[in-house]
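> Reassemble the complex: the two chains are provided individually, in unrelated frames, and hints are given to aid placement.
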Amino acid sequence: MRKLLSAEIYRCRHSLLFWLTLFASVLSGVFYGIVTVSGSFDDVYSFEDVFVVPFFVILAAFISLNTGREYMDNTIRNKIITGTSKTAVMFSKLVFGVGIGVLFCAAFLVPCAIILSFGGLSEIPASVLCLTVLGFVLLSVVWAVLFTVIGMLISAKGVGSIMNLVLIIAVMLLAYQLESILRQPEFITTTEFSQVQMTPEEVKQIQEGTYEGNYSLSTDENGQVTYYKTVFSDAEQTPNPKYVKQPFRDILAHLDSMLPQGQINEYASCLTHCTYPDDQADDTPENDPINAYPRLKTFPLYSCFDILLLSGVGLLFFHKQEIR
Amino acid sequence: MNYILQTNNLTKRYKHFQALNGLTMNVPKGSVYGFVGKNGAGKTTLIRLICGLQEPTSGDFTLYGIRSDSKDIRKSRRRMGAVVETAAIYTDMTAEENLKYQYLLMGIPSYQGIPELLKLVGLEDTGKKKAGNFSLGMKQRLGIAIALAGDPDFLVLDEPANGLDPQGIVEIRELILKLNRQHQITVLISSHILDELSRLATHYGIIDSGRMVKEISAEELEAACRKCTRMEVSDTAVLACVLDSMNVEYKIISATTADVFSKVNVTRLTEALTKENCEVLSMQEKDESLESYYLSLVGGGDRA
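Residue numbers (my numbering), protein chains in the order written: chain U, 1 to 324; chain R, 1 to 304.
With the rest of the complex left out, here is chain R (with noise of 0.2 Å):
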């Protein structure tokens, strides 16, 4: 798999705090890599890392295949565009402006492309008016525009949607999907809002105190989460024998245990194995979320 970013063993420490802590992650070419954690695990301090913001205490990144400490990871960051906790604009000056500053800044001889980049965010319509005055949501499309000045095809966007209001909230998860299906470019997105995510990402980094704790597609998670009933019997080998009978799809645990994914006719089942001398010990409904998912491999016991 070809992969745009790679981090090996990541490690930040600011004097007595220790942000991140031997990360390891990577980020496919073409996808929309979810980075979840809470607040305080890392996700920001990556970000400025791999922006160049700042220097890793040890480990390395690669970015394009360019490592870190080589001359050449500057022109590597060219070919990116990010937005870090908040949006980088100059309150007095326009979005036009902005944006023609952010040209000038990059070297790009004519300002031909602003007006449809203003368009792609929806904030074609603002003329004279400052940055300034600029909604929270406006001034998030704003940075986003001024990341994409570049035609990046990488984009890291740290926590977008904070702040926003709900429509906001959809204007820029349609926005990067919009950027990811049509233009594919690559987006990195941190954030907390796990529901949000969910309705974005097609890989997930979870990350807790400054390790990466999973890595994880969209397709396995679906499948680590997906609705089933966990059924507790004396022998699952037995039980396995009359599920394939029954054509059931099913997922043995243990050897008392097992997840049957298809919907099952629950006396036929019962009938059956009662007949194979196995006894039926409990039966649950599992349906676990993202939310779920992501409490238990980090654990909400803390906030309790």
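With the rest of the complex left out, here is chain U (with noise of 0.2 Å):
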């Protein structure tokens, strides 16, 4: 095994990929200090997506051109010959698929964090920047494990790429859609509104300028003006039918929470919770950001069963492939 890790680390230094990939990170890193130091994008909902997953893009790049190469040029074959099991090639390829994604991950956030603790850390609390920074670097080592167990199972560059690069969005967009089922409410409140008319000291109040709820008004063919209030009664709260009940909605969490985008979604959340605390679109506690995001603690574990489950799967397919 470390003769192998030797060699693949000594290829990656003579590797122009390598370091274009690497210089890329950074500067993804960079881009994302400064675009959040300076507060100018807008639209926070969509800020991962533009900032985070190129980040996830770059990496899918280089771990499927690096490993397709091994195909393509065959090189792959010379260390079965040498007398290393396949066990030990795949393995080998896990073990640098981590490094790189730890690395990567490096690249990526030293320099945003080196930016962001020029304006952008102070509002968000220790525990929550320890918490999101081993998330983010356990999530790189899933994608990188990831990308190379498909890397290594194609043998045909191109496609191993191309499916890289198709399984961030389907990813992405499946954890969209488990945030979307899992946000729905337990039951709807249904509102019903009357027109009551509006007593002589209220029509003063409008005139005045000083009321405030609802109000419309109707002129008669006299021309006499009528003013109506709105009063609003609460009706029986009633079932939402988009509701998912258990055990369902323990495994959609549970999915959930094993996709990285997933995660990222929670992650970004609690950050944007830390940093805008005035923009609450749920009633949570203000005092502790983790007691507002629970599941954030259990990421970890997740992401470690991501890792381990993909690592299995590569291993036994990789065993039982036949290497032309």
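Taking lysine-lysine pairs in the DSS-like style, the calculated list, with each CA pair at most 30 Å apart, reads: (1) R:Lys100 x U:Lys157; (2) R:Lys251 x R:Lys227; (3) U:Lys3 x R:Lys75; (4) R:Lys130 x U:Lys157; (5) U:Lys86 x R:Lys15; (6) R:Lys128 x U:Lys157; (7) U:Lys3 x R:Lys71; (8) U:Lys320 x R:Lys71; (9) U:Lys157 x R:Lys129; (10) R:Lys75 x U:Lys86; (11) U:Lys3 x R:Lys128; (12) R:Lys100 x U:Lys3; (13) R:Lys227 x R:Lys286; (14) U:Lys86 x R:Lys130; (15) U:Lys3 x R:Lys130; (16) U:Lys3 x R:Lys119; (17) R:Lys75 x R:Lys100; (18) R:Lys71 x U:Lys86; (19) R:Lys119 x R:Lys130; (20) R:Lys100 x U:Lys86; (21) R:Lys75 x R:Lys29; (22) R:Lys29 x U:Lys86.
DEER-style ranges, computed between Cβ atoms: (23) R:Glu55 x U:His14: 32 to 42 Å; (24) R:Asn9 x U:Ile9: 37 to 47 Å; (25) U:Gln246 x R:Glu85: 53 to 63 Å.
If you only want the chain R side, here are some residues facing chain U, beta carbon under 7 Å, derived: (26) Cys51; (27) Gly52; (28) Leu53; (29) Gln54; (30) Arg74; (31) Arg78; (32) Val84; (33) Ala88; (34) Tyr90; (35) Thr91; (36) Glu97; (37) Leu104; (38) Leu105; (39) Met106.
Calculated directly from the structure, the hints in this document are not laboratory data.
Since this is a predicted model, take the numbers as computed values, not measurements.
All residues carry an ideal CB built from backbone N, CA and C; glycine is no exception.
Structure (structure tokens):
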């Protein structure tokens, strides 16, 4: 294993692709930091899609092309001919993928953190920051392992690269869909309202401009104006048909936690909650953001599970693969 | 005899296609074994199996006495080098970098042997030129250099002269002969260029439709393809007596047919046979090449 990794590191050092994609990761982090600090991006909800997803695309590009080259140049044969088992070859590729994931993540985060330290980080508690950084590093590793498995199991370099890019988009769309489903409330409140004629005192308030509330007016044939106020009354709460019940709700929640984009969405929501405390879409306590987003503490475990699952699948299928 | 590689009823099936069908062969130590067969005969499939790239459907092989299903087979593979189909080289690295990569892969601590290896294959002057810019012959030679990186004593080359120009073929041939004669490396070469193999091989294995048709040494092949005169007479027993009296080498094929290997005075022979009441029915010059011998074994009718 050590020999395989030494050889991979040597190859990386002489690979123009490696240095280009590493530089692209640094640029991506710099750009993310600058835009965050300057606050020049208005649409908070698609911020991560625009600035974080490209980082994963860069990661996919390097791993797909680097692994695909092994099949294109047939150099994967050399490893097996020298007496290395397929399991060892795949395992070394996975370890290398983990290393690349951490390295590229560091290349993204370090310049980003340096820039954010000038103004973007002060509102964020240390606990949230540490959890987010750990989560992001683990997510980079999850993606790196997935791209490595795809690259090793699909010998056609072009097909593997396209599949990795499609997976990023597919996971993103799936995560958004799951989030939309899980955010559905259990009950829908239907509101009834009626129009009631206003009292003279209320009409006087309208004329003085001090009346607060909804009102309307109508003019009859004789030109007489009548003011009506809108009175709302709560009707009985009805069950939401789009609400997913147990145990499927738990299954979908677990699936959302397993998806990298599902985690990114939650991290982004928590960071937004810290950075823009008045901009709260739901009733959450202000004192500890992590309590408001309890799933954050479990995400590292889900990422580790993803890494183990993908690695196991990769090792199993590559062992049976016939090398031409 | 000491064998480096022995296969025992090796079979390989790909879905609906039988690539190898009970192949049994023996590669003697120190030989240049020419593995001959037409396209699709199973040559590359066999090489993939012994290199560990694929698993056989049934049967087994032994490499340096270790069975293919043993855990130690990987240790045996460390003593061999192979170039399967095309040379496996990183096209974005130089020749030296490719060899350094291979040295790291094999855990060889020092790069000292690299200049000598490059000189052996004639690539010592490539400098910083990327392997992707090499000619086909240079790529083949670099592939052989990579295969030699671990100092193997068994080299497997799958159609090494494929796509090479005449000079490239000569260079590869001379390299193989040098490796075998000076470095005592056993070489297994698969090829369908019979003329080229005939200048190299000490042993031949002729394969067709996944089966070994014949294994033969170069000496035996030379004897089988030897130039002679085929005579058809009324009684070969009489012919044998006459030829013995003339000290002429011959071989009786049947009761009426014999091959005469030495040059003989036809008039004297015919007169001597006539005295013994033996009729000469026909005389034909026979000179079988490796090509005609191969075609006689595997049949060339389907290409007519």
